[in-house]
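With the hints as constraints, model all of the structure from the sequences given.
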Amino acid sequence: MSSYGNTGELLFGQPSNNENGGSNNVCPSGQVPSSFGCIPLSEEGTVFINTNKLLWVNSGAQLIIVFVGVMDFLLGTLYFYVRRRRNEERLERSRAARQSVRVNEDGQVVEPPRKRLFSRSPVSHRPLKPVSELNGRCCGCGSTADTVLLPCKHAVCCFACSDRATYCPFCKEPCSDRQRLFVV
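In this note's numbering, the protein residues as written are 2 to 185.
Honestly, the hints are just simulated from the structure, not real lab data. On a predicted model such as this, the values are computed, not experimentally measured, just so you know. Mixed in with the good hints there might be a few duds.
Beta-carbon label-pair distances, calculated as ranges [as the list claims (entries may be wrong)]:
no. : residue 1 : residue 2 : range
1   : Ile65     : Gly38     : 32 to 40 angstroms
2   : Pro152    : Val67     : 49 to 57 angstroms
3   : Arg91     : Pro152    : 23 to 31 angstroms
4   : Gly38     : Tyr80     : 51 to 59 angstroms
5   : Arg85     : Gly38     : 57 to 65 angstroms
6   : Pro152    : Arg85     : 29 to 37 angstroms
7   : Ala62     : Pro29     : 24 to 32 angstroms
8   : Glu90     : Leu64     : 58 to 66 angstroms
Built from N, CA and C at the ideal position, the CB exists for glycine as well.
Set out below in structure tokens:
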């Protein structure tokens, strides 16, 4: 038995049209007979469905679809990572702000305990005044502010107080050096 040919015996396991009184279906070169007529031979990337319709599967398109899926996953992961970090930072800032101002049971605002003006100073200093009220006076002891703290360049301390300053009492920036001012 041959799978197809002029003998009319079997075409892929089915009786040919000759047995039913019909003519023999012989397909041109490169095509295969089926119950729906002649169809092209299977090639790489072609899938036959039960109805003998062709479904073209493009491997390049499959790779693109997989790549887009992976990129979507990575971008989504990155987006939610950044979003989570921003929310954590926002939460930390709100906790810090909430701790900076406390309200006692009577409803009055209680300021948090102040840190000492200079970290190495053994005596506690009076509360800081705004720079506009200092009028060239040291914010620590009240004498003439004759020293500029670096790198912020604020002149809010005398030379003795600036020696103990580890950060600027005005802007809270760490002091790396100081420069004494002289009136000429």
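For each hint, the structure was consulted:
About 33 angstroms separates the C-beta atoms of Ile65 and Gly38, a value consistent with the hinted range of 32 to 40 angstroms. Separated by about 53 angstroms at the C-beta atoms, Pro152 and Val67 satisfy the suggested range of 49 to 57 angstroms. Between Arg91 and Pro152 the CB atoms are about 29 angstroms apart, so this pair conforms to the stated range of 23 to 31 angstroms. Checked against the hint of 51 to 59 angstroms, the pair Gly38 and Tyr80 passes, with Cβ atoms roughly 52 angstroms apart.
The beta-carbon spacing between Arg85 and Gly38, approximately 60 angstroms, falls within the hinted interval of 57 to 65 angstroms. The hinted range of 29 to 37 angstroms is satisfied by Pro152 and Arg85, whose Cβ atoms lie roughly 34 angstroms apart. Between Ala62 and Pro29 the beta carbons are some 30 angstroms apart, a value that agrees with the proposed interval 24 to 32 angstroms. For the pair Glu90 and Leu64, the beta carbons lie near 39 angstroms from each other, so the given range of 58 to 66 angstroms is not met.
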